[in-house]
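Protein chains in written order, with the working numbering: chain A, 1385 to 1720; chain B, 1385 to 1720; chain C, 1385 to 1720; chain D, 1385 to 1720.
In short, the hints are calculated from the structure, not lab data. Warning: the hint list may mix true and false statements.
When chains are identical, the list treats them as one kind, so a pair holds in a single copy or across two.
[Stated by the list, open to error] Straight-line distance between alpha carbons at most 27 Å, and here's what the computed BS3-like set of lysine-lysine pairs gives: (1) Lys1398 - Lys1706; (2) Lys1387 - Lys1398; (3) Lys1523 - Lys1706; (4) Lys1387 - Lys1439; (5) Lys1439 - Lys1414.
4 protein chains.
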Amino acid sequence: MVKVGIIGAGRIGKVHLQSICNYVRNATVKTVADPYMNEETEGFIRSFGVENVTKDYHEILNDPEIDAVLVCSSTDTHAPISIEAIAAGKHVFCEKPVDHDIEKIKQVMKALEGKKIKFQVGFNRRFDHNFEAIRAAVKEGRIGQPHIIKITSRDPEPPSADYVAHSGGMFLDMTIHDFDMARYLVGSDVEEVYVQSAVLVDPAIGEAGDVDTAIITLKMANGALCVIDNSRRAAYGYDQRAEVFGSEGMIATANDANSTAVLSNAQGVTGEKPLYFFLERYMQSFAKEMACFIDAVEQDAETPVDVIDGLQAVRIGVAAKKSVDEKRPVALSEID
Amino acid sequence: MVKVGIIGAGRIGKVHLQSICNYVRNATVKTVADPYMNEETEGFIRSFGVENVTKDYHEILNDPEIDAVLVCSSTDTHAPISIEAIAAGKHVFCEKPVDHDIEKIKQVMKALEGKKIKFQVGFNRRFDHNFEAIRAAVKEGRIGQPHIIKITSRDPEPPSADYVAHSGGMFLDMTIHDFDMARYLVGSDVEEVYVQSAVLVDPAIGEAGDVDTAIITLKMANGALCVIDNSRRAAYGYDQRAEVFGSEGMIATANDANSTAVLSNAQGVTGEKPLYFFLERYMQSFAKEMACFIDAVEQDAETPVDVIDGLQAVRIGVAAKKSVDEKRPVALSEID
Amino acid sequence: MVKVGIIGAGRIGKVHLQSICNYVRNATVKTVADPYMNEETEGFIRSFGVENVTKDYHEILNDPEIDAVLVCSSTDTHAPISIEAIAAGKHVFCEKPVDHDIEKIKQVMKALEGKKIKFQVGFNRRFDHNFEAIRAAVKEGRIGQPHIIKITSRDPEPPSADYVAHSGGMFLDMTIHDFDMARYLVGSDVEEVYVQSAVLVDPAIGEAGDVDTAIITLKMANGALCVIDNSRRAAYGYDQRAEVFGSEGMIATANDANSTAVLSNAQGVTGEKPLYFFLERYMQSFAKEMACFIDAVEQDAETPVDVIDGLQAVRIGVAAKKSVDEKRPVALSEID
Amino acid sequence: MVKVGIIGAGRIGKVHLQSICNYVRNATVKTVADPYMNEETEGFIRSFGVENVTKDYHEILNDPEIDAVLVCSSTDTHAPISIEAIAAGKHVFCEKPVDHDIEKIKQVMKALEGKKIKFQVGFNRRFDHNFEAIRAAVKEGRIGQPHIIKITSRDPEPPSADYVAHSGGMFLDMTIHDFDMARYLVGSDVEEVYVQSAVLVDPAIGEAGDVDTAIITLKMANGALCVIDNSRRAAYGYDQRAEVFGSEGMIATANDANSTAVLSNAQGVTGEKPLYFFLERYMQSFAKEMACFIDAVEQDAETPVDVIDGLQAVRIGVAAKKSVDEKRPVALSEID
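Chain A with its partners taken away, still in its complex shape (with noise of 0.2 Å):
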């Protein structure tokens, strides 16, 4: 039974806690800590059985008991907690991205030398039922080799201005999941960014130095062509969508829906839009993520999601921004 304790107690903390109580047999929540904690949250804490809540993550990292430790903090502080942690002999799950500063990223994997420590990153998508079965198909041979990757991803809604301001940007915001998710299809790295990228939904957001509408050219290390598209802003809902063409042919996913159910009538043919929220249509992915990493930790076994993983991501990012500011395609070489 692996003893957690989760730091951070916002919105995925909570689904991190979820998930552990509900799915994961083999993993126990001992404290949850969070500055800001109030009765509210408290209360829903406890009524998992938690014994200890706590504002200080102090707690967490200075008893014995615990085995590993959430970091589900703001981002500013991923890197920071997970280097105590790492020195308190903890096991670290650190939600995305591990820090908008490649710099920082880099002590972290510091911290981790020699270690016998397991860390894994918050990139979810990895464990959705679709993507799995597109990296099934293209590990499996079934594609041949890969020649085409295409990932869409689009929110329901903009985030607000002032989000926009503190978080990194659309490329390591939001973005960020579609390059770790182009590393992950076909299993090779990214050589080099292009994009084109536009302010269509919210001029706020080019206000305050961000876009909100893009396509991302990569070239892969492994030769294959890839190409995301974004949007801040989906009229229809969240569109998450990939596909993976290669020699001997293409591998697809469509979005999921709350049902099947399809109406024809005089209007047309109408089916359910995509699920709305990003928990509604990760929740099943936030809840295998966490089972995969409380099996590493129980199993001494490799983390499916690794630091250097989150460090790529956020390198890509960076090559993105940098790619629209010098509006030429940018070598991940010159990124470090």
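Fit chains B, C and D to the known structure of chain A by using the hints.
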């Protein structure tokens, strides 16, 4: 917090145990009873934090702390145990069918008379996301007046001839869900039943006096016509679809699959098979029916599937059998 | 080059005229006859380069240059004109139904006896790309032994009560295509018919002594069960689907639409309605049946739909009517 | 009745011949010319009732009875023959591309200046039912302002290296259709082109100086971003899809198949592959473009695809080539 006792720790008893522990926040399972309780089962039950595990279900009935009982024992004991539980003042969730014998169901109805006892029958498919979507569309008038109801229900594998011999026959064992579905989808009773059936899957089923393939036509009280098609074996897995056609349109559902992935290659364009096993296909519906039962108990509200629903489905099943025997349409009014 | 005369220049006669002129390279239409020939129709016919346009179909029967005749006149004249044409040594393509009266069809059969005359009945749906794909899969054994056949056939608009009065009833007018389809899809005859029907679309149809909604169960000679569902009015257009389920799998078709375009917006994910009108939906099948008829004539081969097919579909229709009248399953052997 | 002469009796010339003879009621083909005319081709042409068959296209240009000319000869002769035809006062339908050389297209434009000559370029895909449905939805504002355009265009088989050497390269030979499609779907010009490409299908294509796989990003004048993905070989056949995403929704098309039949068995749920060959896939569009050209001639209306459309697609193709050579985004304004 509703305290629950589970009588019967077979496959379906375990499903309800998991549902309550993982999804239903306003209930706990205090005791599980099964005459064949063994170590493995006890270990499984205890891993959910259940206090009492016993071979004698009277421990549950005699426990004044327990509010509600789930009757998950063998079919022939559903009615007598339900009656005992009602006498003990427990709310009852009874697995389907309440009994093969209409007389015994009427005894349960009598036991309920004048009591403030909640009674729910385990027609879980009413809580399935796809069938709920049809029901909602029909109820909201989106297809106008219902004219034609079509239900496809095909199992992935036939039961053993042994099982068949004690199952009450395909209509009471398998089609009973579809009879309830017909009533549920359009909110109307059945008036007449005609069956055309055959033994096409396994001669042993015929030798056991049952059929394995059937087309069943129902005339509904609201004037709609319904057709159910059944097979005990679909090579591609569990086939569970429905369609309601009305004056303003049609609402139809497809099967659920594990993912939306589609492989295009030289052989064709291939998607995944339907979810194969009823527990995969209907897991979410089992959780939801349990949540609804607990809510009905806690809020003193009507249960969504009551003893009359349990009775009617069996009456239709008995009429179906009679239609096969007498090779003619049978009015439901002929069946008491 | 097969020389063709067309008797009857109504809607279906014009369809065949176009098919032969535009698609069938080994035939020409020499003469078109219609007692109600008017200027507009004549102009239309001449625009295809047809030499002779007449009111008297005997000009066709007496023309030694004409090899084959298309009987596209009113239903009550199909049999007598066919018999005249056979006597004149012409090959005959006869629109469906050959007659409502089984006796008259038998007279046609008698006229054909011992003659080297090709006779084809206009069950065009056998030549539809979708239904051909089902038939091919069944024939190739890709679904194993057929167990269940399902045919959905719903019209976009009900006929006028006037039309209904002279139509021979829904089973001989509309379902007759589906009866033929059942036989075609699995290559087997029908043994028993049971109908559950209703008047749900238009009371005037009921007043004219007909039904507008039906579920028809057929028992096939090969042991398979078949169900046809009919409605005289589908709000979303012409609904023409079929499914054959067997020991090794299922083959099913969906409706055709004008395009594959799907609109996703805040209201849902909406595709186009099925092609609305039977001429849109089945145009290609009309062309193909004509090409097959001409080929059979030219190559002295069997026609793909013969007079027995014409007879059997009518017998099933008559049995269906009897089933409604007598509220019981009717064996086909009861119908001569 | 428009009298037509066809110059070039290769594959595409024959397609147009058939289209006019079978579908276009207000035109006839009087003469077909081809320098390589042989008996077989002549027989084919004469079977459509064409009067004159010749090796010398001047017979067409000098025939005062002929109103319109279809230029279906080899690409290098499109421009000069068009210019001759214009000088002879003939309306011109010119196959794509007008020329690989922008200068020559400008000479055609000059020849047209001040003349009442109709000139249409053979971008047949604009007349495809699926792409027309997208265009209509965009035009009617059903997806709001267009933000992202996605075009997938993959051939079933690569051309021979020999063909590649004289094709003008993939962008002018194959992608040119997609460039026109991008402009057509949203009714906007292209401002900038960036290409990421590779040789993944056949090294011989690379040795011939061309690419066989590409991701092409376009910036449109209306602010939308477009991405085209191309491959010279899709194992599952001809892949022709498009999607336009906008402020209010998305409209997308799938491939056409020969039937809607889907086989469900132990291996999965398998539909048919896309129509394999461009003539199958686009036959209806070829007929429609011809009908539109003839209508424009007959009614003295604008042609739906004019010489500017022909010019722009080539300019984008030239920019695409430059982008590959110079590994940078290329503004269309750089290309004259």
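To see whether the hints hold, each was checked on the structure:
no. : hint              : verdict
1   : Lys1398 - Lys1706 : neither (35 Å within a copy, 52 Å between copies)
2   : Lys1387 - Lys1398 : both (16 Å within a copy, 26 Å between copies)
3   : Lys1523 - Lys1706 : neither (32 Å within a copy, 35 Å between copies)
4   : Lys1387 - Lys1439 : within (19 Å within a copy, 33 Å between copies)
5   : Lys1439 - Lys1414 : within (14 Å within a copy, 33 Å between copies)
Consistency note: the structure conflicts with the earlier hints numbered 1 and 3.
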